[in-house]
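Student: Working from the sequences, and respecting the hints, build out all of it.
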Amino acid sequence: MAMDSPFGLLAELTYRCPLACPYCSNPLNLADYGDELTTEEWLRVLTEAGGLGVLQCHLSGGEPLLRRDLVAIVAHAHDLGLYTNLITSALGFSGTRAKELRAAGLDHVQVSIQADEPAMSDRIAGVPSFRRKVEAMGVVKELGWPLTMNVVLHRYNIDRVAEVLALAEEVGADRVELANTQYYGWAWRNRAALLPSRSQLEAAEGVVRAASERLRDRMAIIYVIPDYYSRYPKPCMGGWASRQLTVTPNGDVLPCPAAQSLPLPRASVREDSLERIWTDAPVMNAFRGTDWMPEPCRGCPRREVDFGGCRCQAFQLTGDAARTDPVCHLSPDHELVTRAVEAANSPSGKGRPPLVPRPHQVRRPAGQAGRPPNTRVG
Amino acid sequence: MDATPTGTHRTSTVAVTGSDRPRLARHARLGFDRTRQRRILLHPEAVVVLNDSGAAVLDLCDGRRTVTEIVSELSGRYQRVPDAEVRLFLSRLVARRYVELGGRRGEGAGDGDG
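Note that the protein sequences, when read in sequence, are chains A and B.
Residue numbering for the first sequence follows the numbering used here, beginning at 49 and increasing consecutively.
Residue numbering for the second sequence follows the numbering used here, beginning at 75 and increasing consecutively.
No false leads were slipped in.
Far from chain B, by Cβ distances over 10 angstroms, these chain A residues were calculated:
#: 1; residue: T86
#: 2; residue: T95
#: 3; residue: D127
#: 4; residue: P166
#: 5; residue: G186
#: 6; residue: S245
#: 7; residue: C304
#: 8; residue: S321
#: 9; residue: L384
#: 10; residue: R387
With a cut-off of at most 20 angstroms between alpha-carbon atoms, the simulated SDA-like pairs for lysine to any residue come out as follows:
#: 11; chain 1: A; residue 1: K147; chain 2: A; residue 2: V187
#: 12; chain 1: A; residue 1: K189; chain 2: B; residue 2: R100
#: 13; chain 1: A; residue 1: K147; chain 2: A; residue 2: K189
#: 14; chain 1: A; residue 1: K147; chain 2: B; residue 2: R100
#: 15; chain 1: A; residue 1: K189; chain 2: B; residue 2: R103
#: 16; chain 1: A; residue 1: K189; chain 2: B; residue 2: L98
Source of the hints: derived by calculation from the structure; they are not laboratory data.
Even for Gly, the Cβ is constructed at its ideal location relative to N, Cα and C.
Tutor: In structure tokens form, the structure reads like this:
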């Protein structure tokens with residue numbers, strides 16, 4: 049089987065977070081990730097990743113700024129020649145910390161914001177945070193970083209996409225990512241509430257198209273489509289364990305963060321080297337290439353375009369990770385997606401449950417011993 | 075919506091002219107990949123593995139040289155540097171926001187320290 053070196057490492061440093069967004073893709077069993085890797089373990093993971101051919105390091109979570117050793121982690125990644133990308137809520141991105149990160153060689157900052165104005169943004173985030181985010185984006189620009197503003201779109205904020213783009217312009221973002229919610233983790237749990245209607249999407253896409261043209265010379269607009277509404281599935285991760293790998297806060301290695309939900313044997317950097325895991329671990333080889341594919345993927349001319357879509361979505365919707373992603377209109381299970389879309393377009397709003405916020409803290413089950421977390425949630 | 079296979083919105087293509095002054099976008103930088111022994115272009119969401127001539131073009135994209143000047147400078151080094159190929163290469167990178175064209179309408183000034 050052809051196997052390339054991975055280009056990118058997604059380092060999920062912690063699942064602790066000051067926000068409580070209901071669209072969070074972190075796992076539901078947050079408490080299982082409380083035993084976080086130590087600084088030394090993360091530095092070793094980065095060294096091994098560099099040796100494996102990784103060129104980009106995305107530092108994410110949860111909120112990566114809750115790790116007190118973030119500057120040391122960035123500095124090490126930078127010394128290895130990796131392009132470092134911080135994906136943050138910006139809570140805790142103080143002037144001092146920002147300067148330390150700049151000096152450590154951090155290349156790029158992505159700041160999430162939940163809407164274009166404080167009331168809605170704070171309501172979705174679950175905490176007052178809008179003002180601090182706007183201030184932090186100012187600090188990013190002041191220190192000379194390229195700034196990406198990240199906005200996850202869903203039923204409650206997608207109608208404000210024009211205002212969101214105006215905010216991105218106002219803060220001087222170089223890039224804005226408008227990502228329709230991907231239904232994993234807490235977002236999966238909240239899917240019925242979050243999935244927008246077709247008319248909402250069409251209106252938003254018109255706005256995005258016009259703005260992309262108008263702002264062409266100033267700002268890159270990346271629009272991630274809502275796959276529930278597309279004919280073909282997304283080419284998830286560019287193919288299973290093909291270009292990227294994820295390390296979770298407790299050291300599990302996965303092809304993508306959502307893959308923790310699949311019934312596959314664990315692989316941990318605490319037990320094996322990253323290289324051996326990338327090459328040999330069953331979790332990496334389960335869906336590599338095209339040999340695992342069932343019909344209709346197996347005979348499909350698009351099998352190496354979208355790789356059968358997302359294994360995690362197939363598992364969530366059908367209980368079998370080896371089926372065609374039901375988002376595909378050719379999937380025998382496509383009805384499962386059609387029904388969710390129909391419910392999202394029903395005018396009555398019947399069956400649209402209230403949003404469940406994700407918890408801030410990783411709480412261990414009572415009585416379970418574990419390493420103390422590196423920092424408290426502030 | 076016009077979606078690419080990567081699930082992102084396709085940016086419209088940009089015609090690069092001889093008088094454009096290309097430069098790397100603030101969020102992009104050139105690097106060297108030891109594992110693959112190739113020059114690379116790094117970006118928040120992607121990596122482009124470059125061939126020698128692509129890397130040579132990008133080394134000259136400093137926001138001061140025009141495309142015409144870049145082509146003539148490379149002609150001194152390589153046998154044959156087709157102007158149209160350089161412009162096509164750059165226009166693809168402009169469309170993907172790795173490269174910006176300085177001096178065009180709407181361009182902000184004074185961000186040279188990226």
